[in-house]
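Undergrad: Here the sequence shown is numbered in the working numbering, starting from -7 and rising by one per residue.
These are calculated hints, taken from the structure and not from any lab test. Take these hints with a grain of salt, some might be off.
Unchecked claim - Here are the simulated lysine to aspartate or glutamate pairs, EDC-like style, with alpha carbons at most 16 Å apart:
| no. | residue 1 | residue 2 |
| --- | --- | --- |
| 1 | Lys99 | Asp65 |
| 2 | Lys77 | Asp65 |
| 3 | Lys99 | Asp147 |
| 4 | Lys99 | Glu150 |
| 5 | Lys99 | Asp121 |
| 6 | Lys99 | Glu62 |
Claimed, not checked - Quick list of the computed label-pair ranges, beta carbon to beta carbon:
| no. | residue 1 | residue 2 | range |
| --- | --- | --- | --- |
| 7 | Ala153 | Arg188 | 41 to 49 Å |
| 8 | Glu81 | Leu61 | 16 to 24 Å |
| 9 | Glu181 | Glu120 | 51 to 59 Å |
| 10 | Glu32 | Asp65 | 33 to 41 Å |
| 11 | Val91 | Glu184 | 51 to 59 Å |
| 12 | Asp65 | Glu112 | 49 to 57 Å |
| 13 | Ala173 | Glu48 | 46 to 54 Å |
| 14 | His68 | Pro141 | 28 to 36 Å |
| 15 | Arg188 | Arg79 | 44 to 52 Å |
| 16 | Val161 | Asn82 | 28 to 36 Å |
| 17 | Arg79 | Ala173 | 30 to 38 Å |
Cβ atoms here follow ideal geometry from the backbone N, Cα and C, with glycine treated the same way.
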Amino acid sequence: MDAPLPPRREGPAERGRAASEQRARPEEPEPQPGGELTVEKARSVAEQAILQAQREGAFENLPGAGRPLEGLDRPHDPDWWARDKLRRENADLSAALPVVLQLRREKAGLLEAVLALPTEDAARAHLEDFNARVLADRRRPPATEHSPPVVGRVDVEEYLARWRAGRPVVEAEAARLAAEAAEARRAHEEAERAARPRRWWRRRR
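Please model the complete structure; the sequences and the hints are all you need to start from.
TA: In C-alpha cells:
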C-alpha cells in the first residue's frame, strides 16, 4: 500500500493567483435585518403607531375637533398653505403689489391721509409727491401687454380746498376724543384713590 502524499505547499505564484481570484469574485450582499420593507409592512407600522398614539391620548382636544375640515368644498389650490398662513398672520402684502396697483390703492385713501396732516404745506408736499410717483410709473415700460392701466394724477389745489374745508372738523373731533380720554383718565384715578384703605392714627395724650 502506497503511503499518502504530503500536502502540496502553495508557492508565491499560486498564492497570488488565489488572492486575485478572491478580489475579482463579487461580494454577496449581507442580509438586511427584518427582510425587505414592503407596503404592507409600512402600513402595519403606521397603524401600530397611530393606535399607540390613540391609547396615549395624543389625538384628544385637538384644535378643530368635531368640525369639518376647511376647504373641502373649494377647488384644490396648490398654494393653500401659503394663503392660509398669510390670512392667519394678517400679513400686509401691499408692498408686493405692482407699483401701479400700490398707487391705485394709495389714491383711494389719499384724502383721508391728507386730512390727517396738520398743515397745508405738509398736505401740499404729500400730494405733489404722489403725482411725482405717478409720473415716474408712467415712464416705466409695461411688464406685459396685459399690465394694469396707469393711475391718474390728482388736482393738488382741489385736494387742498377739501383739506381746508375738512381740517376744522378733523381738529374738533380730535379735541373731543382727547377730552374724553382725559376725563376717563381722571375718573380712573379718582376711583383708585377712593379704593385705597384709609389709615387712622390716634393722638397720644
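Undergrad: Hints first: check each against the structure and report whether it holds.
TA: Okay, the hints, checked on the actual structure:
Note on Lys99 and Asp65: the hinted pairing is violated, with a Cα-Cα distance of about 37 Å set against a maximum of 16 Å. As the CA atoms of Lys77 and Asp65 are separated by approximately 19 Å, the hinted pair breaks the 16 Å bound. Restraint check: the Cα-Cα separation between Lys99 and Asp147 comes to about 12 Å, which is no more than 16 Å; the hinted pair holds. A distance of roughly 14 Å separates the Cα atoms of Lys99 and Glu150; the hinted pair therefore holds under the 16 Å criterion.
Taken as a hint, the Lys99 and Asp121 pair is honoured in the structure, with Cα atoms around 12 Å apart against an allowance of 16 Å. Between Lys99 and Glu62 the CA atoms are separated by roughly 36 Å; this puts the pair beyond 16 Å, and the hint is violated. About 55 Å separates the C-beta atoms of Ala153 and Arg188, a value inconsistent with the hinted range of 41 to 49 Å. A C-beta distance of roughly 21 Å is found between Glu81 and Leu61, which places it inside the suggested range of 16 to 24 Å.
At about 46 Å, the beta-carbon gap between Glu181 and Glu120 misses the expected band of 51 to 59 Å. Restraint check, Glu32 to Asp65: a C-beta distance of roughly 35 Å satisfies the suggested window 33 to 41 Å. Restraint check, Val91 to Glu184: a C-beta distance of roughly 52 Å satisfies the suggested window 51 to 59 Å. At roughly 54 Å, the beta-carbon separation of Asp65 and Glu112 lies within the given 49 to 57 Å, and the hint holds.
At about 53 Å, the beta-carbon gap between Ala173 and Glu48 stays in the expected band of 46 to 54 Å. Restraint check, His68 to Pro141: a C-beta distance of roughly 32 Å satisfies the suggested window 28 to 36 Å. For Arg188 and Arg79, the Cβ-Cβ distance of about 47 Å falls inside the hinted range of 44 to 52 Å, so the restraint holds. For Val161 and Asn82, the Cβ-Cβ distance of about 31 Å falls inside the hinted range of 28 to 36 Å, so the restraint holds.
In this structure, Arg79 and Ala173 meet the distance hint of 30 to 38 Å, their C-beta atoms being roughly 33 Å apart.
Of the numbered hints listed earlier, those contradicted by the structure are 1, 2, 6, 7, 9.
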